[in-house]
Amino acid sequence: MHFEIIRTNDVYVFQLLEDNNLLMAGNTTHQDPSSCMDAIRNFIQLAATAANYITHTESGNYLFAIQTGDTEIARSIPYNSMENVNVSVNRLIEQLSTTSDYEVNVIETRTQSIQRPGLQVDLDAYDFTQLSRSGKAGFEVFQSAKNNLYYFHFNNSQGQPILYSQAYASETTRNNGIWSVIQNADKEKRYERKETDTGAYFILKAINGREIARSNFFATTTERDEAIQSLQKTVQSFADNYRKPEKTSTRNGNPPVDKYNFTVVSQSGQAGFESFQSADTKQYYFHFNDADGQAILYSQGYGNIAGRDNGIRSVIKNAYQDARYVRNEEEGKHYFILKAGNNQEIARSPLFDTTAAMEAAILFLKNQSVTYASSYQVDLYTEELHTVETQRLSLHVDHPEPVTNLSEKSKRTIDQYDFTQRSPVGIKGFEPFYSIKNNAYYFHYNNDQGTPILFSESYPTAQARDNGLESVKRNTPIESRWRVQEEDGQYFYSLRSGNNQEIARSAFYNSRELALANLAVIQTAESGIEVEALPIQDSTYLSYNGITKSEPVLVDPIMPRDIPAPKPKVYPQTEALPLTSVPSTSPLTEPAVATMASQEITSTGPSGWVIGGVVAAILIGGIIWYTNYQSNTTDPSLFAAQANKAEPIVKDPEQTLATIATTIENFQPIALYFNNDQPNPRTKTNTTELTYGQTYANYYNQKDVFVKEYSKGSTSTDASKQEVENFFDTKVQKGYNDLVDLSDKLLAKLKEGNKVEITVTGFASPLAEGDYNKMLTGRRVSSIENHFRTYKDGQFKEYMDKGLLVITEQASGEDNASGNISDNRDDVRSSLYSPSASEERRVEITNVTIQKAN
Numbered sequence: 001m002h003f004e005i006i007r008t009n010d011v012y013v014f015q016l017l018e019d020n021n022l023l024m025a026g027n028t029t030h031q032d033p034s035s036c037m038d039a040i041r042n043f044i045q046l047a048a049t050a051a052n053y054i055t056h057t058e059s060g061n062y063l064f065a066i067q068t069g070d071t072e073i074a075r076s077i078p079y080n081s082m083e084n085v086n087v088s089v090n091r092l093i094e095q096l097s098t099t100s101d102y103e104v105n106v107i108e109t110r111t112q113s114i115q116r117p118g119l120q121v122d123l124d125a126y127d128f129t130q131l132s133r134s135g136k137a138g139f140e141v142f143q144s145a146k147n148n149l150y151y152f153h154f155n156n157s158q159g160q161p162i163l164y165s166q167a168y169a170s171e172t173t174r175n176n177g178i179w180s181v182i183q184n185a186d187k188e189k190r191y192e193r194k195e196t197d198t199g200a201y202f203i204l205k206a207i208n209g210r211e212i213a214r215s216n217f218f219a220t221t222t223e224r225d226e227a228i229q230s231l232q233k234t235v236q237s238f239a240d241n242y243r244k245p246e247k248t249s250t251r252n253g254n255p256p257v258d259k260y261n262f263t264v265v266s267q268s269g270q271a272g273f274e275s276f277q278s279a280d281t282k283q284y285y286f287h288f289n290d291a292d293g294q295a296i297l298y299s300q301g302y303g304n305i306a307g308r309d310n311g312i313r314s315v316i317k318n319a320y321q322d323a324r325y326v327r328n329e330e331e332g333k334h335y336f337i338l339k340a341g342n343n344q345e346i347a348r349s350p351l352f353d354t355t356a357a358m359e360a361a362i363l364f365l366k367n368q369s370v371t372y373a374s375s376y377q378v379d380l381y382t383e384e385l386h387t388v389e390t391q392r393l394s395l396h397v398d399h400p401e402p403v404t405n406l407s408e409k410s411k412r413t414i415d416q417y418d419f420t421q422r423s424p425v426g427i428k429g430f431e432p433f434y435s436i437k438n439n440a441y442y443f444h445y446n447n448d449q450g451t452p453i454l455f456s457e458s459y460p461t462a463q464a465r466d467n468g469l470e471s472v473k474r475n476t477p478i479e480s481r482w483r484v485q486e487e488d489g490q491y492f493y494s495l496r497s498g499n500n501q502e503i504a505r506s507a508f509y510n511s512r513e514l515a516l517a518n519l520a521v522i523q524t525a526e527s528g529i530e531v532e533a534l535p536i537q538d539s540t541y542l543s544y545n546g547i548t549k550s551e552p553v554l555v556d557p558i559m560p561r562d563i564p565a566p567k568p569k570v571y572p573q574t575e576a577l578p579l580t581s582v583p584s585t586s587p588l589t590e591p592a593v594a595t596m597a598s599q600e601i602t603s604t605g606p607s608g609w610v611i612g613g614v615v616a617a618i619l620i621g622g623i624i625w626y627t628n629y630q631s632n633t634t635d636p637s638l639f640a641a642q643a644n645k646a647e648p649i650v651k652d653p654e655q656t657l658a659t660i661a662t663t664i665e666n667f668q669p670i671a672l673y674f675n676n677d678q679p680n681p682r683t684k685t686n687t688t689e690l691t692y693g694q695t696y697a698n699y700y701n702q703k704d705v706f707v708k709e710y711s712k713g714s715t716s717t718d719a720s721k722q723e724v725e726n727f728f729d730t731k732v733q734k735g736y737n738d739l740v741d742l743s744d745k746l747l748a749k750l751k752e753g754n755k756v757e758i759t760v761t762g763f764a765s766p767l768a769e770g771d772y773n774k775m776l777t778g779r780r781v782s783s784i785e786n787h788f789r790t791y792k793d794g795q796f797k798e799y800m801d802k803g804l805l806v807i808t809e810q811a812s813g814e815d816n817a818s819g820n821i822s823d824n825r826d827d828v829r830s831s832l833y834s835p836s837a838s839e840e841r842r843v844e845i846t847n848v849t850i851q852k853a854n
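According to the UniProt record's numbering, the sequence shown is numbered sequentially starting from 1.
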């Protein structure tokens, strides 16, 4: 990974490259390399901290940027998925936070404008209005009635022109142009690809760089590249239809020496071109003379003046290019031959005594021949020559306390953490989940009562969240990474990574003792380290005051100021304990129990122990009653309905509780919905590497887009909005939650020694062709299979490999789609964004069979 400072239009910008591929580019310009180096140093310090990253979506692509305050200082290249963005961000943070020394290349390009002959193209010579006359593939030739000039096209397999010629004055020259296409079109390096606001196109060039023909505009670069591939593959099949232009040739492509007349000395004695006719042969010749009027270039003999003048023009067009010269030695003498781009000899020099004299003549010819362009009607164009100078510098960057855009700690707390999020499942340990409310991913660490005592920041993707969770797990056992801090009389603890970046923290507590006690739970459970042995790294932090892992834990989290306290958790019916006598302060229904717990723990008289015993007895009795109730219920169901939660939190596949029954009675098909042409849009394959969970998260994040687009043109905007929101919240979200519940229950069944067979059917809306939709639904079915194969770190994989979990795939494409669904591409409201069309883009788990394995 290294930086480049680029000079453009007298200002400097920086770029970050990885393996010589552009990764990020600075958004600000600088007057000199020194100030640009300062900008790079600032960028490194900002980019080492996750808080300074923001993400964008533009034209269907994803990218990230580094921002300080409201100013964006650098932006990444576009990516095709948010997962790829996250991978790059994590890699960038890891490298920039641990690297101090960098290589910086200062690249300055100096531009010089010079006049070049012969390659200028007159676009008026093309006529893109001419349609195909034959409607057949290959070359077609015609004469325009508008100007009586001659043209040719090259048509694709549908008979549509993909290559247009310039105008020619005769059939012969036009046919020569066709032969030039045949000679060059199958060579990749002969193509110059272009993009403009109008569209994409290509130019076909000869070996000497001259333009032969060009395409019209294509809507996309893909269509342009497909046209080039078609031309490359088919052009040679038409070679036999066109005769190669005749030309005089001898050994090595050079004319015989007797075509020259080296006995004729300069007639004018002036520098530059001179032309004359031989009295003996009646042939026409030209010389090019040096500053002393001595001929340094001799032409062959021509039968007419027009041919001779064409030879002069060929010298003007080629003499400035060193590659056109062939240097030779003969019996101790030196001479050169000037050739055209097609390797045909144009003219040659006399013999020189030394190579220095020959090179001096070549240099004079290169520099002076172009000055005669206007005299011989040779067009000139301006070419910019770029001279690149590279200077290699080194940059050292110290890594102080991470730079963050959030100057106030309370702002950081409120903006990046959400302490109102309660545990969606309520189990001890780490619990990842997705918040519909915040459209973000989180994880908690819960204590024995299922109460979160460590909170993560929000993450834009599940992958980013999982990476953050792994970072917390890696750093938890390292004592020096923990901090207990005070803010406005309240206390919290936080965990930092190796670059001193905060990666998780607690809510606020009323005292240090409570904060330390809850921190001890995490340290003890996750690392096995005795709490007394944890060293305090800063004298401003309180000691652990002798609290050991055997002492009871005091849970008293305080919600951040200006944030409303959460509502008590409402458990699903299948998880609720049917105990009417459980006190409201039970940790199963009320997470904040500091006062009661404190009284019970600190009481030294018998009343404290009596109360504790009564509560314990009630809890034990309730659990026994609940177990019997579940095992004796007359209507056991593997797929019990979920009651509405207080907050729509999507269950995360990593942690889900489910009540496992022994039958599959009352099973209802599970519908899983997809965005249009997802996964892997515009691909002709029936498999994917994505899981359904990945496609679901991206789809649900598009809910606002669907609401906006479906509401356009509606007579009742509110009703349309409600219709789309109901679809996403009651069907899309429900389908994913049902899949997670089913996965846990089937995993339990497999572990009990059963065999499971699942039937999955895919559907698609009729927006695309039937054959494509069949491949699309195949990819959707494949994503469900990938879900099971990767679920919970691949716990299903063993059973799938042994044939104990069998997924029968039935991809039906649009065959089963409702006939009322619009397939009008121009009516995207109905065919793409409507709930009725969205209903068709689904996969259904239509049947589950469980039986004892052999």
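The hints are simulated quantities; they were obtained by calculation from the structure and are not laboratory data. Glycine residues also receive a C-beta, built at the ideal position from the N, C-alpha and C atoms. Treat the hints loosely; a few may be bogus.
[To be verified] Cut-off 35 angstroms, straight-line C-alpha distance, at most; resulting in silico cross-link-like pairs (DSBU-like, lysine-lysine): (1) 136 - 684; (2) 792 - 774; (3) 755 - 792; (4) 802 - 428; (5) 684 - 774.
[Said to hold, decoys possible] Computed spacing ranges between beta-carbons, pair by pair: (6) 722 - 128: 46 to 52 angstroms; (7) 22 - 42: 51 to 57 angstroms; (8) 128 - 42: 48 to 54 angstroms; (9) 100 - 69: 23 to 29 angstroms; (10) 429 - 59: 55 to 61 angstroms; (11) 59 - 145: 18 to 24 angstroms; (12) 60 - 9: 26 to 32 angstroms; (13) 22 - 147: 43 to 49 angstroms; (14) 242 - 371: 50 to 56 angstroms; (15) 322 - 29: 53 to 59 angstroms; (16) 29 - 794: 48 to 54 angstroms; (17) 22 - 389: 25 to 31 angstroms; (18) 81 - 808: 25 to 31 angstroms; (19) 390 - 281: 52 to 58 angstroms.
Does the beta carbon distance between residue 722 and residue 128 stay inside 46 to 52 angstroms, or does it fall outside?
Once the Cβ atoms are compared, 50 angstroms apart, the range 46 to 52 angstroms for residue 128 and residue 722 holds.
When you take the CB atoms of residue 22 and residue 147, is the distance between them in 43 to 49 angstroms?
holds, 47 angstroms
Within 23 to 29 angstroms or not, the Cβ separation of residue 100 and residue 69?
holds, 26 angstroms
Holds or violated: residue 792 and residue 774, Cα atoms, limit 35 angstroms.
Holds: residue 792 and residue 774 sit about 30 angstroms apart, inside 35 angstroms.
State, for the Cβ atoms of residue 242 and residue 371, whether the hinted interval 50 to 56 angstroms holds or is violated.
violated, 38 angstroms
For the range 53 to 59 angstroms, tell me whether the beta carbons of residue 322 and residue 29 fit it or not.
Roughly 37 angstroms apart at Cβ, these two residues miss the hinted range, so it is violated.
Outcome for the supplied range 48 to 54 angstroms, where the beta carbon pair is residue 128 and residue 42
holds, 50 angstroms
Return holds or violated for the Cβ distance of residue 81 and residue 808 against the range 25 to 31 angstroms.
holds, 29 angstroms
Please test the hint of 18 to 24 angstroms on the beta carbon pair from residue 59 and residue 145.
Between residue 59 and residue 145, where Cβ atoms are some 43 angstroms apart, the hint is violated.
So does residue 60 sit 26 to 32 angstroms from residue 9, Cβ to Cβ?
For residue 60 and residue 9 the Cβ distance comes to about 31 angstroms; the hint holds.
Starting from residue 136, check that the Cα of residue 684 is at most 35 angstroms away, please.
The given pair, whose Cα atoms are some 28 angstroms apart, holds under the 35 angstroms limit.
So the hint says 51 to 57 angstroms: do the beta-carbon atoms of residue 22 and residue 42 match that?
violated, 20 angstroms
The structure shown violates the earlier hints numbered 7, 10, 11, 14, 15 and 17.
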